[in-house]
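Asks: Given the coordinates of chain A, assemble chain B onto it according to the supplied hints.
Chains as they are written, first to last, in our numbering: chain A, 1 to 356; chain B, 1 to 221.
Please keep in mind that the hints were generated in silico from the structure rather than gathered at the bench.
All C-beta atoms, glycine included, are put in the ideal place defined by N, C-alpha and C.
A couple of the hints might just be wrong.
Covered stretches of chain B, as calculated for chain A (at least 3 residues, CB under 8 angstroms) [claimed, not checked]:
| hint | region |
| --- | --- |
| 1 | 116 to 126 |
| 2 | 137 to 149 |
Here are the simulated SDA-like cross-link-like pairs (lysine to any residue), alpha carbons at most 20 angstroms apart as the crow flies [stated by the list, open to error]:
| hint | chain 1 | residue 1 | chain 2 | residue 2 |
| --- | --- | --- | --- | --- |
| 3 | A | K117 | B | G127 |
| 4 | A | K342 | A | L306 |
| 5 | A | K143 | B | R117 |
| 6 | A | K143 | B | T118 |
| 7 | A | K343 | A | L306 |
| 8 | A | K143 | B | A185 |
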Amino acid sequence: MVEARIRKSFPARPDAAPFSLDVAFTAGAGITVLFGASGAGKTLTLDCIAGFSTPDEGRILLDGQILFDSGASVNVPPRSRRCGYVFQNYALFPHMTLRRNLEFAAMRSPRLERHRKVNEMIERFHLGDVAGRRPHELSGGQKQRCSIARAIIGSPGLLLLDEPARGLEAPLRAELYALIRQVREEFHIPVLLVTHSLEECFELADEMLVIRDGRVVQNGAPRAIADRPANVEVARLLGIFNLLQVEIADLDPQRNLSRLRFGEFDLWGPYFPGRFRGDRVSLCIRPEQLRVAGGDGSGGANQVPLRLVRAVETPHGVRLEFEGGVCAEVSNDEYEGLKNNKKWLVGFPQRELRVL
Amino acid sequence: MSIDWFPLWLSLRVAGAATGLSLAIGVWVAYALANRRVRGGDFLSAAVTLPLVMPPTVLGYYLLVLLSRNSPLGAAYEWITGHPLVFTWQAAVVAAMFHATPLLIITVRAALESVDRTYERAARSLGASDWRVFWRVSLPLARRSVFAAAALAFARTLGDFGITMMIAGNIPGRTQTLAVAIYDAVEAGNGSVARAMVIVISIIAIAVIALATRLVQRQAA
Numbered sequence: 001m002v003e004a005r006i007r008k009s010f011p012a013r014p015d016a017a018p019f020s021l022d023v024a025f026t027a028g029a030g031i032t033v034l035f036g037a038s039g040a041g042k043t044l045t046l047d048c049i050a051g052f053s054t055p056d057e058g059r060i061l062l063d064g065q066i067l068f069d070s071g072a073s074v075n076v077p078p079r080s081r082r083c084g085y086v087f088q089n090y091a092l093f094p095h096m097t098l099r100r101n102l103e104f105a106a107m108r109s110p111r112l113e114r115h116r117k118v119n120e121m122i123e124r125f126h127l128g129d130v131a132g133r134r135p136h137e138l139s140g141g142q143k144q145r146c147s148i149a150r151a152i153i154g155s156p157g158l159l160l161l162d163e164p165a166r167g168l169e170a171p172l173r174a175e176l177y178a179l180i181r182q183v184r185e186e187f188h189i190p191v192l193l194v195t196h197s198l199e200e201c202f203e204l205a206d207e208m209l210v211i212r213d214g215r216v217v218q219n220g221a222p223r224a225i226a227d228r229p230a231n232v233e234v235a236r237l238l239g240i241f242n243l244l245q246v247e248i249a250d251l252d253p254q255r256n257l258s259r260l261r262f263g264e265f266d267l268w269g270p271y272f273p274g275r276f277r278g279d280r281v282s283l284c285i286r287p288e289q290l291r292v293a294g295g296d297g298s299g300g301a302n303q304v305p306l307r308l309v310r311a312v313e314t315p316h317g318v319r320l321e322f323e324g325g326v327c328a329e330v331s332n333d334e335y336e337g338l339k340n341n342k343k344w345l346v347g348f349p350q351r352e353l354r355v356l
Numbered sequence: 001m002s003i004d005w006f007p008l009w010l011s012l013r014v015a016g017a018a019t020g021l022s023l024a025i026g027v028w029v030a031y032a033l034a035n036r037r038v039r040g041g042d043f044l045s046a047a048v049t050l051p052l053v054m055p056p057t058v059l060g061y062y063l064l065v066l067l068s069r070n071s072p073l074g075a076a077y078e079w080i081t082g083h084p085l086v087f088t089w090q091a092a093v094v095a096a097m098f099h100a101t102p103l104l105i106i107t108v109r110a111a112l113e114s115v116d117r118t119y120e121r122a123a124r125s126l127g128a129s130d131w132r133v134f135w136r137v138s139l140p141l142a143r144r145s146v147f148a149a150a151a152l153a154f155a156r157t158l159g160d161f162g163i164t165m166m167i168a169g170n171i172p173g174r175t176q177t178l179a180v181a182i183y184d185a186v187e188a189g190n191g192s193v194a195r196a197m198v199i200v201i202s203i204i205a206i207a208v209i210a211l212a213t214r215l216v217q218r219q220a221a
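Isolated chain B, as found in the complex:
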């Protein structure tokens, strides 16, 4: 039995890219929500939670409409990069991001809110700008929880199925991630392949959760 491990490498690559992008976006949204100083914070908060409760296929459908070659966003992407977004591995990154960012925002927000406000006040009274307070005080004090949130987000991006199927498709060797490949293997009656892949992805998920838990515990200690 020879197993094609391409889906695993693709999944890891997609997960890495999606986690990085999620952090870059999510940390700012979380900071805005944690400080309650943005207009429409409640709306933003609701919008962030929405992807968590919608069926992935619905989310995927929206994204497909939003990013297809005929849509302004999809056309703009194609104009800049020279190739369409949908049904490429980059589309799988977008799918994974939408799967993971809401969770990341919620956990990072909780982490930032748990930082003792006195430190932020102290920093302000010492003349620090909001930017400096965030980078030098709030984020470093919450760093372990933020790492833990990133680890969870990474594990979650590995597991996306619905959105990926909708906008990245199931093209073996190009957009077929591990979760999709497992589905394929089961469909094709390839039990041993499916089993091997399930074990690998389970081990990765457990390892990541263990890491996240340790990070949070060390922060608490």
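So here's chain A without its partners, still in its complex pose:
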């Protein structure tokens, strides 16, 4: 269990805007993903926990042991923090064989114990054939396995991974995810993983922290966050929503109804508590929730005629981009039936409408 409250600010410099990190979170056994854009402070958070960077203020506890406490002037050096760190480029020592890399990491154990541990890791991570090779003679997947094995061989209390999947092709990425899940099953320690891929959050995260501009803006399970983003910033960061400017024209709590003004069209949605008539809000809906139909005229309720700008094939189907920045996603079959249309109607399902 790791508990962290970290504050650190950087003044403005000629080549950089001022930045301040102010995060607080706890993470138990399992995978906690720090999700955010680059420059949001995710890696800095990891570095503060590992001891490579010193917070201005705050407190970091690992299993009840103080790693850093500005109030009590405690700052445990990185070597005593028991934090396994997997670096973006693996940082395997290039002048040592894979086995020596592991031995270096297990140096605290007595000789026989160390030998046993190294062999166990080599076996567990299927590195037996290449144990005598240097990092530059290894494949990407082998380096990956070795760097994770090296980080956990000393039985750390916490595993930190800094964008481990960056730059990996799809099969290697899948292999990496399986490996990280294996670590979660077998080691029962908190794992903090930095990423800017939402897909990775869904693959791995038990808990997800959305970080923006040095602040935790939302936390929870990935499903819960994707279903209910806390605000427009989170929704934008997730990158899976249409965010459309609308104005609330009417609210009717009795009938659980609301009327939204979207350009020159009216949309009906559920009642939005805590909003007022005349509020300008963002309508938040995922592309696959929109119902696209061919047709003419004004259409039915909650159907809006929009001009199709372009259709883009995606791995899962076809994305239809309409005027006004509205995106819809349909399957290939659906698109086959629709593609000869001249006019399009985009349906907004009343129950699924949410505003932020």
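Replies: Below, chain B without anything else, positioned relative to chain A:
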């Protein structure tokens, strides 16, 4: 024409000893400077550069004052070893060291600073002490550049003239190094001797530079 090659052997012996001592001292200073964790690092850095820009005779004069039989350091040396330091071949070693160490520190520092910090961080996160990080990670990763720096330092110690003249003197058969002997030969109108010695020392210098360049290139590759 018979040439007394004693100055060459003396020069090589002095250069070897001075390079070894320079490495032993210089690598630590370079490490301290590269890590920027020492107090007064800027002062140390300036102090290291100073011998490079001062006239050798000035440096030699300081050393002469510092190490003479009447000074505390010189007296302490005499008490320990039983003979004075100045005007011996050991004094030539000290002179060569002062000539070469600043350059060695600067090049080794650059070599250590060019090691990717991620490796050092990785080593620390794995529980390694500073000492272990240095010996097992930083130094091995910079080793070729450090060898190259040592080769350059060796070449430079061969060439010292001013400081050697001041504190080791020009005693043929005892403290006369090759650089000093060449000066002597020219003074005495011994052109052929001077020529032979110049050629030998040039060949050694070129060979050492070639070696250093190869080491650095192999590191880069």
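Asks: Hey, A/K117 versus B/G127, does the alpha-carbon distance stay inside 20 angstroms?
Replies: holds, 16 angstroms
Asks: Verify the proposed pairing of A/K343 with A/L306, using a straight-line Cα cut of 20 angstroms.
Replies: holds, 8 angstroms
Asks: Check, residue by residue, whether the region 116 to 126 of chain B contains three or more positions whose beta-carbon lies closer than 8 angstroms to a beta-carbon of chain A, and give the verdict.
Replies: holds (count 9)
Asks: Please work out if A/K143 and B/R117 have their alpha carbons no farther apart than 20 angstroms.
Replies: The hint holds at about 19 angstroms.
Asks: Between A/K342 and A/L306, does the CA-CA distance stay at or below 20 angstroms?
Replies: holds, 11 angstroms
Asks: Quickly compare the C-alpha distance for A/K143 and B/A185 to 20 angstroms and report which way the hint goes.
Replies: violated, 62 angstroms
Asks: Holds or violated: A/K143 and B/T118, Cα atoms, limit 20 angstroms.
Replies: holds, 16 angstroms
Asks: Please verify the coverage claim for the region 137 to 149 of chain B: does it have three or more residues whose C-beta sits within 8 angstroms of some C-beta in chain A?
Replies: The restraint on the region 137 to 149 of chain B holds, since 3 of its residues have a Cβ under 8 angstroms from chain A and three suffice.
Hint compliance for this structure: hint 8 alone is broken.
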